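Read top to bottom, the protein sequences are chains A and B. Counting in my numbering, the first sequence runs from 599 upward without gaps. Counting in my numbering, the second sequence runs from 599 upward without gaps.
FYI, nobody ran anything at the bench for these hints, they're computed from the structure. All figures in this text were calculated on a predicted structure; none of them were measured in a lab. Treat the hints with care, since some could be wrong.
In this list, chains with the same sequence are indistinguishable; a pair is considered to hold if it fits within one copy or across any two.
Claimed, not checked - EDC-like, lysine to aspartate or glutamate: derived pairs with alpha carbons at most 20 Å apart: (1) 825 / 895; (2) 676 / 845; (3) 696 / 815; (4) 768 / 845; (5) 825 / 790; (6) 743 / 605; (7) 768 / 640; (8) 768 / 859; (9) 892 / 640; (10) 696 / 750; (11) 672 / 711; (12) 681 / 793; (13) 676 / 808; (14) 892 / 794; (15) 681 / 741; (16) 696 / 772.
Number of protein chains: 2
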Amino acid sequence: MSRKSKEEIAIIYQGIQDHICSELEIHDGGGSFMEDLWDRPEGGGGRTRIFQNGNIIEKGGVAFSAVHGPTPEKILAKLGLEKSDFFATGVSIVLHPKSPMVPIIHMNIRYFEMDNGTHWFGGGIDLTPHYIVPEDARYFHQEVKKVCDRFDPAYYPKFKAWADEYFFVKHRNETRGVGGIFYDRLSAQSDEHFEEILNFSLAVGRLFPDVYGYFMEKNSPLPYGEKEKQWQNLRRGRYVEFNLVWDAGTKFGLDTNGRTESILMSMPPLAEWKYMHQPAPGSPEEFTLEHLKKDMDWLSYTL
Amino acid sequence: MSRKSKEEIAIIYQGIQDHICSELEIHDGGGSFMEDLWDRPEGGGGRTRIFQNGNIIEKGGVAFSAVHGPTPEKILAKLGLEKSDFFATGVSIVLHPKSPMVPIIHMNIRYFEMDNGTHWFGGGIDLTPHYIVPEDARYFHQEVKKVCDRFDPAYYPKFKAWADEYFFVKHRNETRGVGGIFYDRLSAQSDEHFEEILNFSLAVGRLFPDVYGYFMEKNSPLPYGEKEKQWQNLRRGRYVEFNLVWDAGTKFGLDTNGRTESILMSMPPLAEWKYMHQPAPGSPEEFTLEHLKKDMDWLSYTL
């Protein structure tokens, strides 16, 4: 069994993008994706798909890209590597729902390869509810764990802890949401191992529309009012803070002349900031803040 | 003539904060400042004053702080200095007006001193109109230049160019607004020079309520509608992007465990993001985007 080439992986990832977009359109029942094709001057390009003003999804994007060329100096310096060409392909998603009762979600799978043979996979999926509901967090982690366990029982605990570290809003001392999994620099030891990691990334990609479709169906009929909308806007403000201040991918993209509109498709349609906002004692908003913590064991959480 | 001590400078800066707050309350005629006193565990503290829901100012802050203690490792490393204690005091302001016809403004004056004798002044003032009006930009730069020229004719051209570089949203290839002045690491060569730089910073501080009061009076009666409000929200989104991605002061504060709520008082009350937003050809919005450029000579700009 020989390993897939980088061009084959790009084509398979494009298929994942297609699958996700058509599933989301079905679940939303309203809007549809608009597509932007773009070229990268240094090599390669992408297919950015944006969803705005759907029934359930207010603003979001599902982006595919496959870029190549000389490895940016910043990567070479960081890794202590010699000059070399690189190839990178991936699918990246952020969705902001209309309803504050439906969580924000993010998913990313990516593959990186250099001419000198260095290669790795990275990715993850994490959930950011405006209101934390333990049953929803448990369901999400169960589904993610099931996918991880099909490949390696060590994946879930390791990548769950990694997500807790990665999706942390340090200056607020809170996690972005209820976490999920995050992994990076997974390199293959053999052709078989390579296929396994690739297949794991595809399984994460296919999990995405199933698990988010579940929340779209279940949570979008829930009632809410002005109070919940305002809380949603404040939480979206925190999402902006995480992405612009701490997210390594966003920072790297903006710093290396990436396609700004594709990188910042993760921004919410609207966000709000209030000085020293404190939720009322005993409120669902306070419950949420109190549970934005690392090391929450959502699988065995009981009220 | 002996130079002022750091404690004296802190007291004078506090006076500048008082002056600015009372002037802004008079110009606004509506809201008033609420005050938060805070202590820094490692030494010192601050007096953050927040204005929310005034007649003209929707959200803003005028913050004073005077902090001291061991110099943060990050500063020592950056400057290649030995362990030492530091003292820093300053006044920092960002105001977001209700009306899109009134510009956003930022002003900062600060003094930094280390036990080993190293010291410097820094600061600046810059204007971010939602709609660029050349007459307003010219007026602003004229007033700023007048203050600079009272101290050193080299200040304005040097600090104006520095502001163009500093207040640049690299990933959007646009300046934050029409600029102003920015200066940093101004160290005194003599006691006389020290007083001169200190007085320059005080003059910048006193200029602030005069020049912003002018825009509050002149521009807040101008009519506007939904279209202008939405454009304001998009421009506020760009303000967020600059502050969270590029502003050195914000990044440093968030990275070194500064007081988050005081640092992020610069965030707008509301901000909006749209994918690939393009203003209509010939519109005032397009005019604005086309003039968010470095090296604009607003003093001699003619339509």
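Intra- versus inter-copy proximity for residue 859 and residue 768 (alpha-carbon distance at most 20 Å): The answer is between: 13 Å across copies meets 20 Å, while 26 Å in one copy does not.
Alpha-carbon proximity between residue 696 and residue 750, which holds within one copy, between copies, both or neither at 20 Å: neither (36 Å within a copy, 55 Å between copies)
Up to 20 Å CA-CA - residue 793 versus residue 681, copy category: Intra 27 Å, inter 52 Å, cutoff 20 Å: neither.
Homomeric proximity label, residue 672 with residue 711: Cα distance no greater than 20 Å: Within one copy, since 16 Å is at most 20 Å while 33 Å is not.
Within, between, both or neither: residue 892, residue 794 at alpha-carbon 20 Å: For residue 892 and residue 794, the Cα distance exceeds 20 Å both inside one copy (29 Å) and across copies (51 Å).
Within, between, both or neither, where residue 892 and residue 640 count as close if Cα-Cα is 20 Å or less: Result: close neither inside a copy nor across copies, 39 Å intra and 26 Å inter.
Up to 20 Å CA-CA - residue 790 versus residue 825, copy category: Answer is neither; intra-copy 52 Å and inter-copy 57 Å both fail.
Homo-oligomer pair classification [residue 845, residue 676; C-alpha up to 20 Å]: within (16 Å within a copy, 23 Å between copies)
Status of residue 741 relative to residue 681 across identical chains (alpha carbons, at most 20 Å): neither (41 Å within a copy, 51 Å between copies)
Within, between, both or neither: residue 676, residue 808 at alpha-carbon 20 Å: The answer is neither: 37 Å in one copy and 48 Å across copies each exceed 20 Å.
Alpha-carbon proximity context of residue 768 and residue 845, limit 20 Å: Both: 11 Å inside a chain and 17 Å across chains, each within 20 Å.
Identical-chain pair category, residue 696 with residue 772, by Cα at 20 Å: neither (23 Å within a copy, 31 Å between copies)
The structure shown violates the earlier hints numbered 1, 5, 6, 9, 10, 12, 13, 14, 15, 16.
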